[in-house]
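Asker: Residue 184 in the UniProt record's numbering sits at position 184 of the sequence shown, and the numbers go up by one each step.
To be clear, the hints were calculated from the coordinates, so they are not data collected in a lab. Be a bit skeptical, because a hint or two may be false.
Below 16 Å or equal to it, Euclidean Cα-Cα: the simulated EDC-like pairs (lysine to aspartate or glutamate) are [what the hints assert, rightly or not]:
#	residue 1	residue 2
1	K80	E274
2	K277	E207
3	K277	E186
4	K210	D189
5	K203	E173
6	K149	E186
7	K129	E61
8	K184	E100
9	K129	E100
10	K277	D192
11	K129	D189
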Amino acid sequence: MGSWRVWSWVSGTWRPGLKVGARRRDADFGTEARRRPQPQGSSKRKNPVEDEPFPGLLRTENLGPEELAEVLRAAVVDQKGPLVTLNKPQGLPVTGRPGELTLVSVLPQLSQALGLGHRELQVVRAPGKEASGLVLLSSCPQTASHLQKFFVHSRRTRRPTATYCAITDGIPEPSEGTVHVALKLERMDGVDLAVPVTSPSRKAILEGVKRTLSHFHVMATGCGCALVQLQPLTVFPSQLQVHMALQLCPVLGDHTYAARVGTVLGQRFLWPAETTKPQTQVLDEALLRRLHLRPSQVAQMPLHLHLHRLLLPGPRSRDPPRELLAPLPSYFSRSLRCLRLSHQ
Numbered sequence: 001m002g003s004w005r006v007w008s009w010v011s012g013t014w015r016p017g018l019k020v021g022a023r024r025r026d027a028d029f030g031t032e033a034r035r036r037p038q039p040q041g042s043s044k045r046k047n048p049v050e051d052e053p054f055p056g057l058l059r060t061e062n063l064g065p066e067e068l069a070e071v072l073r074a075a076v077v078d079q080k081g082p083l084v085t086l087n088k089p090q091g092l093p094v095t096g097r098p099g100e101l102t103l104v105s106v107l108p109q110l111s112q113a114l115g116l117g118h119r120e121l122q123v124v125r126a127p128g129k130e131a132s133g134l135v136l137l138s139s140c141p142q143t144a145s146h147l148q149k150f151f152v153h154s155r156r157t158r159r160p161t162a163t164y165c166a167i168t169d170g171i172p173e174p175s176e177g178t179v180h181v182a183l184k185l186e187r188m189d190g191v192d193l194a195v196p197v198t199s200p201s202r203k204a205i206l207e208g209v210k211r212t213l214s215h216f217h218v219m220a221t222g223c224g225c226a227l228v229q230l231q232p233l234t235v236f237p238s239q240l241q242v243h244m245a246l247q248l249c250p251v252l253g254d255h256t257y258a259a260r261v262g263t264v265l266g267q268r269f270l271w272p273a274e275t276t277k278p279q280t281q282v283l284d285e286a287l288l289r290r291l292h293l294r295p296s297q298v299a300q301m302p303l304h305l306h307l308h309r310l311l312l313p314g315p316r317s318r319d320p321p322r323e324l325l326a327p328l329p330s331y332f333s334r335s336l337r338c339l340r341l342s343h344q
């Protein structure tokens, strides 16, 4: 398999990062977060952990379509034929309302920046707004259709094609297993939230309830947190966040579903989903110290959920799947260092 060079957002610019395709040996998958350069004339080296708690976050409020397209062009992981793969920054929505700046809204500009001319790009696979990681685009409708059939067939045969990395507040027990639960979308205060459904009827399934399934595997633990590998076998909005909350181990930076996990005398429990509103995630003092965060900074903490690996079909039906990898965001790598999470 070949290797591809990816880019990272560092100190206001996108810079070339490590090649992907090689086997990773530790928790940050060969993607050490870069330290901010010291200003000229500075004699004292500052601690980047304290100075920049969430390095590398994309701020779209001051970007226009052309600037965002250039950011995404620099984030391209691989471009072969009609397929384009990029490493989506956290916080960028894939779709939205007319006039909103989204991935889809800048695809024409991105197509031009990549030299595709008038060939239109379409999204084949992408993580949600709050997650980061691999986005698969295609300029050929036939190729896009072929890939979609591959993903659907893989789900039906219970073969995962997407692997996410997450940091959880809490350590799942057992350390490996599956989460199988029915979910539905319920509108609460103008927001659609995923809500578990117990023993759904056939009518409920027809009305939008969906049985969801994910595999999880704890890769490393430290400071009461875990680095978890997640492989969804179904597709549902916020599926992985809800599944981890049901394990009483919400994803770090989850300000939507973490509030469903309560604590009494050190014991965790689930609040009823229908009565729990999204709020800033509550982290204990010890964890805040480990992360070098003030309580006021938690609301800006990004979701630590990254689509790290995708499998694509090989050139021929008998060929093994092709693998694409994307490094972790720099804020994710920083949190791994702070929590001393190391995967052997």
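Asker: Next step is simple, just say for each hint if it's right about the structure.
Answerer: Do the hints match the structure? See the list:
1. K80 with E274: Violated, at about 46 Å.
2. K277 with E207: 24 Å, violated
3. K277 with E186: 12 Å, holds
4. K210 with D189: 22 Å, violated
5. K203 with E173: 33 Å, violated
6. K149 with E186: 29 Å, violated
7. K129 with E61: Judged against 16 Å, a Cα distance of about 15 Å means the pair holds.
8. K184 with E100: Violated. K184 to E100 sits at ~26 Å, over the 16 Å cutoff.
9. K129 with E100: 13 Å, holds
10. K277 with D192: Given that 16 Å is the threshold and the Cα spacing comes to 11 Å, the pair holds.
11. K129 with D189: 19 Å, violated
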